[in-house]
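Engineer: Here's the letter readout for the chains.
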Amino acid sequence: MKRRAIVITALFFLLLLVVIISLNTGASKMSPLEVAKTLAGMGTAKQELILFEFRLPRMLIAILAGAGLALSGCIIQTISRNPLADPGLLGISTGAGVMVVLYLSLFPTGTDAPALFLPFLAFIGGALAAALVFGLSYEKQEGLLPGRLVLTGVAVAAGLSALMTVLSLRLSRELYQFAAVWLTGSIWGAAWEYVWALLPWILVLFAFVYYKARVLDALSFDEATATGLGVSVAKEQIQLLAAAVALAAASVSISGGIGFIGLIAPHLARRLIGVHHVYVLPASALLGACLLLGADTVGRAILQPSEIHAGIVVAIIGAPYFLYVLARSAR
Amino acid sequence: MEIEKHIKRSSRSWAAILVLVVGLSAILFSIALSISVGAADIRLTTVWDAVFHYDSRQTAHAIIRDLRLPRSLADVLVGASFAVAGAIMQGMTRNPLADAGLLGLNAGSTLMVAICFAFFPGLSYQSLIIWSFFGAAAAAGMVYGVSALSRGGVTPIRLVLAGAAVSALFTSLSEGIAIHFQLSQELAFWYAGGVAGVKWSQLKLLAPWIVAALVAALLLSRSITILSFGEEVATGLGQKTKIVKLMGAMIVLVLAGGAVSAVGPIGFVGLIVPHLARFFVGVDYRLVIPCSAVLGSLLMLWADIGARMIHPPYETPIGVLFALIGVPFFLYVSRKRKGEFA
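Line by line, the protein sequences are chains R and P. When we follow the working numbering, the leftmost residue of the first sequence carries the number 21, and every step to the right adds one. When we follow the working numbering, the leftmost residue of the second sequence carries the number 2, and every step to the right adds one.
Hints are not guaranteed to be accurate.
Computed cross-link-like contacts, DSBU-like style, restricted to lysine-lysine with a CA-CA straight-line distance of at most 30 Å [stated by the list, open to error]:
1) R/Lys-255 <-> P/Lys-337
2) R/Lys-22 <-> R/Lys-57
3) P/Lys-200 <-> P/Lys-337
4) R/Lys-232 <-> R/Lys-160
5) R/Lys-22 <-> R/Lys-232
6) P/Lys-337 <-> R/Lys-160
Label-pair restraints from in silico Cβ distances [said to hold, decoys possible]:
7) R/Leu-37 <-> P/Leu-124: 37 to 45 Å
8) P/Leu-325 <-> R/Ala-30: 45 to 53 Å
9) P/Ser-202 <-> R/Ile-322: 45 to 53 Å
10) P/Asp-67 <-> R/Pro-220: 41 to 49 Å
Example chain P residues on the side facing chain R (calculated, C-beta under 8 Å, incomplete) [what the hints assert, rightly or not]:
11) Tyr-145
12) Val-155
13) Glu-176
14) Val-328
Please keep in mind that the hints were generated in silico from the structure rather than gathered at the bench. For each residue, glycine too, the CB sits at the ideal point set by N, CA and C.
Could you build all of it, start to finish, from the sequences and the hints given here?
Structural biologist: See the structure below:
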């Protein structure tokens with residue numbers, strides 16, 4: 021009990037630390053003192069502009085999207101009973117991406133208007149991809165086949181990204197640039213309207229998933245045990261899956277094609293804090309936020325003035341971790 | 002011997018001869034067709050003349066000689082390379098889902114090409130090919146190493162997963178390099194450009210490598226057949242499996258690395274074609290490998306023609322076309338062999 025509280029508190033402070041580092045990092049340097057002054061309303065106009073209009077919204081997006089992806093991965097790993105599952109691997113992110121690119125190619129005028137609309141579209145795309153992957157890996161007698169789930173996910177993601185390439189090649193030069201940046205996973209919507217677009221999704225869905233923590237505990241056992249614990253497995257699986265898709269799709273719609281966070285964060289959380297979802301869920305969310313914000317900060321810091329997209333940094337950390345988990349897994 | 006009989010019983014040499022004869026004539030016809038289709042429509046008789054009665058004053062002849070012909074020949078070489086590399090991998094790893102794209106080899110080559118573009122911009126094409134091999138080798142080593150280190154050893158699922166992760170890693174690194182050195186456009190051009198930009202000079206450098214590797218594959222084919230029945234069977238029959246595997250891996254790297262260095266990472270050719278070949282001719286790799294080469298060339302030629310006709314005057318990237326055909330095929334294979342992937 022005590023250990024769990026300590027871990028969650030520690031993670032919270034870790035996030036705070038990343039936030040402070042991130043606030044001070046960027047093309048124009050600001051010392052911690054200047055940041056504090058500006059936050060208190062005593063900075064210069066330029067400092068206020070940088071902090072309030074660029075850095076703060078971008079950080080909040082990174083935190084929200086990171087938490088969303090981590091929660092999504094946590095749910096998917098539990099439902100599929102596969103420690104290697106994550107929203108990227110299951111085609112959800114790519115499906116969301118296809119919808120976003122499709123929208124851009126059909127309505128090339130508006131990259132600014134659809135702040136509230138893009139997450140919604142991305143949700144539909146992600147849900148369709150997830151439905152396809154789950155449908156293809158479901159057998160009537162045997163239920164969900166975890167091994168095939170992963171293979172199908174890899175294949176569907178490959179097919180969808182091919183589709184996305186076709187669509188994006190037809191875009192105008194400017195929109196192609198926008199799409200390309202989006203696809204490699206860069207936090208492009210660094211403005212307050214995107215924060216307001218994302219925040220309710222993440223908060224509401226987190227509340228819902230947290231409310232279902234005990235159900236998730238039950239679902240992590242095999243089907244018979246879960247049923248024995250009084251859980252109607254199929255119904256809960258679908259509800260939670262919908263929540264996972266929504267979390268991933270909303271995050272991806274603003275942060276772009278970022279993979280691996282949904283894999284790493286729940287994994288680390290479980291190693292730190294055990295298997296109970298009441299603790300794993302918030303720990304995953306905090307870790308996911310730290311990871312994405314950290315990756316975005318590192319990406320901005322290392323190769324100034326050019327900027328490495330957060331998605332690339334995450335993949336460089338995430339892929340080796342994935343391989344490590346894969347090498348340790350028994351099947 | 003029991004296994005020899007089994008191989009004989011479940012192979013069809015007559016089908017192989019049929020595939021080779023029909024396939025080769027289809028290739029010749031498709032080359033002619035491929036040359037005549039494009040931004041400038043050219044009649045087949047002109048194609049004939051350009052090849053056999055070349056007249057440097059005619060633009061059509063020049064287009065054929067300088068652009069269309071190398072492109073078609075590149076299709077043939079590259080298609081055969083990816084297909085044979087896939088066949089060898091599927092035979093050696095006993096993994097029906099093996100393919101240069103899925104197992105990360107293409108991403109490894111791409112990373113090396115990106116590194117060469119960024120740090121050694123004046124590099125000759127010959128060196129680029131060799132570095133591309135090393136990239137493919139590094140990726141293959143990682144994918145296989147991680148799978149082999151796991152408890153329970155190498156399984157098809159593990160190979161595919163490790164391939165996906167290594168691909169993601171190498172692709173990200175390539176993108177990072179491309180963004181930092183502002184090479185995005187060059188790399189994207191190379192990446193999606195496919196066979197359009199292949200020149201004679203490249204072909205001359207590439208062809209010896211690929212032909213040599215294809216011949217080596219044929220020489221190794223009997224051992225691969227035996228290996229495809231499992232390592233224990235092969236060892237029981239007195240095969241030095243380590244040497245066969247090493248040779249096979251080298252051939253795969255030359256084929257996949259060379260092909261990627263010429264036309265960029267094209268996946269799924271190596272997945273589909275060996276399945277088709279085995280469907281026609283059975284389990285003997287002495288037949289599967291030559292038939293894969295022919296069918297791979299043919300598929301590549303058709304895909305290239307298709308890529309030019311879908312959305313003229315733009316060319317649809319050929320890798321995209323293959324993904325759109327290959328993904329349903331992958332799903333079909335993984336469903337059919339339910340037991341292995343449950």
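Engineer: Are the hints correct? Go through all of them and say.
Structural biologist: Going down the list of hints, with the structure as the test:
no.: 1; hint: R/Lys-255 <-> P/Lys-337; in the structure: holds (29 Å)
no.: 2; hint: R/Lys-22 <-> R/Lys-57; in the structure: violated (37 Å)
no.: 3; hint: P/Lys-200 <-> P/Lys-337; in the structure: violated (41 Å)
no.: 4; hint: R/Lys-232 <-> R/Lys-160; in the structure: holds (26 Å)
no.: 5; hint: R/Lys-22 <-> R/Lys-232; in the structure: holds (23 Å)
no.: 6; hint: P/Lys-337 <-> R/Lys-160; in the structure: holds (15 Å)
no.: 7; hint: R/Leu-37 <-> P/Leu-124: 37 to 45 Å; in the structure: holds (43 Å)
no.: 8; hint: P/Leu-325 <-> R/Ala-30: 45 to 53 Å; in the structure: holds (48 Å)
no.: 9; hint: P/Ser-202 <-> R/Ile-322: 45 to 53 Å; in the structure: violated (38 Å)
no.: 10; hint: P/Asp-67 <-> R/Pro-220: 41 to 49 Å; in the structure: violated (60 Å)
no.: 11; hint: Tyr-145; in the structure: violated (12 Å)
no.: 12; hint: Val-155; in the structure: violated (11 Å)
no.: 13; hint: Glu-176; in the structure: holds (5 Å)
no.: 14; hint: Val-328; in the structure: holds (3 Å)
Violated hints for the displayed structure, listed by number in ascending order: 2, 3, 9, 10, 11 and 12.
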